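Protein chains: 2
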Amino acid sequence: MKTEFKPYYAVIFTSTHPDNFRDENIDGYSEMSEKMEILAKQQNGFLGMDSARNAVGITVSYWDSLEAIKNWKQQSEHVQAQQKGRQDWYSWYNVKICKVEREYEFKTTSSSDF
Amino acid sequence: MKTEFKPYYAVIFTSTHPDNFRDENIDGYSEMSEKMEILAKQQNGFLGMDSARNAVGITVSYWDSLEAIKNWKQQSEHVQAQQKGRQDWYSWYNVKICKVEREYEFKTTSSSDF
Numbered sequence: 023m024k025t026e027f028k029p030y031y032a033v034i035f036t037s038t039h040p041d042n043f044r045d046e047n048i049d050g051y052s053e054m055s056e057k058m059e060i061l062a063k064q065q066n067g068f069l070g071m072d073s074a075r076n077a078v079g080i081t082v083s084y085w086d087s088l089e090a091i092k093n094w095k096q097q098s099e100h101v102q103a104q105q106k107g108r109q110d111w112y113s114w115y116n117v118k119i120c121k122v123e124r125e126y127e128f129k130t131t132s133s134s135d136f
Numbered sequence: 023m024k025t026e027f028k029p030y031y032a033v034i035f036t037s038t039h040p041d042n043f044r045d046e047n048i049d050g051y052s053e054m055s056e057k058m059e060i061l062a063k064q065q066n067g068f069l070g071m072d073s074a075r076n077a078v079g080i081t082v083s084y085w086d087s088l089e090a091i092k093n094w095k096q097q098s099e100h101v102q103a104q105q106k107g108r109q110d111w112y113s114w115y116n117v118k119i120c121k122v123e124r125e126y127e128f129k130t131t132s133s134s135d136f
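Residue numbers (this note's numbering), protein chains in the order written: chain A, 23 to 136; chain B, 23 to 136.
If you are wondering where the hints come from, they were derived from the structure by calculation, not from laboratory data. The model shown is predicted, which means the values in this text are computed figures rather than measured ones. Take these hints with a grain of salt, some might be off.
In this list, chains with the same sequence are indistinguishable; a pair is considered to hold if it fits within one copy or across any two.
[Claimed, not checked] When the alpha-carbon atoms are kept at most 27 Å apart in a straight line, the in silico BS3-like pairs for lysine-lysine are as follows: (1) K57 / K28; (2) K106 / K28; (3) K63 / K106; (4) K95 / K57; (5) K121 / K92; (6) K63 / K92; (7) K63 / K121; (8) K28 / K121; (9) K28 / K92; (10) K28 / K95.
Using the sequences and the hints, build the whole thing.
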């Protein structure tokens, strides 16, 4: 019997830092990133998060509803972080709200579902 | 007048390398990654791609239809890369097929839409 898949939501946040970021604007960025990750995890409806950064940074967070995403966007400390981000930390960013429709996974230690 | 948003699709590929990856299994991985990126861009329905890797790797590719995603998954050289990936390059990966429902963007040099 196939388990029914319950759709959920992903927020894909893609960003670049300004050219002078390493010299001038890094102050407070790492602390704010960590703080936002902790805060996000405390929100209702938060399901998980992955982040990586090279030339571009990609953070994908997962949520159980659009309502949860909206609440997180409007969370007061997060609003301040967004303002600071636009002011100092990012030269560009893009946010995509997505509905996860299906997924599959591979693990070395288990039998593959392929 | 607000431009109508046309939904499209994102494939979120999240992965980890095995512990011994740096020592033993890296051979051919970078070349294959580059080759797959070039190939993906040649597929019908390909819209874009972003990648970054630290502890986890995240690659998000964008497509104009589920059909395009299916065709890419089944592309013969890509099928070989997937097999090699499961055999040597990844200890774990997860693939999520998502419908992008809306998005917004910020750029330093333009007026923000916030």
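Quick rundown of the hints versus the structure:
Taking the shortest Cα distances, K57 and K28 never come within 27 Å of each other, neither inside one copy (30 Å) nor across copies (34 Å). In this homomeric assembly, K106 and K28 never come within 27 Å of each other (Cα to Cα): the closest approach is 35 Å inside a single copy and 31 Å across copies. For a Cα distance limit of 27 Å, the shortest separation of K63 from K106 inside one copy, 21 Å, qualifies, whereas the shortest one across copies, 35 Å, does not. Within a single copy, K95 and K57 get their C-alpha atoms as close as 15 Å, which meets the 27 Å cut-off; across copies the closest is 38 Å, which misses it.
In the homo-oligomer, the alpha carbons of K121 and K92 lie at most 27 Å apart both inside one protomer (14 Å) and across protomers (18 Å), since each shortest distance falls under that limit. Taking the closest pair of Cα atoms, K63 and K92 come within 27 Å of each other only inside a single copy of the chain (15 Å); across copies the shortest separation is 33 Å, beyond that limit. Taking CA atoms no more than 27 Å apart as the test, K63 paired with K121 passes in both settings, with 19 Å inside one copy and 24 Å between copies. Taking CA atoms no more than 27 Å apart as the test, K28 paired with K121 passes in both settings, with 11 Å inside one copy and 14 Å between copies.
In the homo-oligomer, the alpha carbons of K28 and K92 lie at most 27 Å apart both inside one protomer (20 Å) and across protomers (21 Å), since each shortest distance falls under that limit. With identical chains, the CA atoms of K28 and K95 are at most 27 Å apart both within one copy (23 Å) and between copies (23 Å).
Of the numbered hints given earlier, the model fails hints 1, 2; all others are met.
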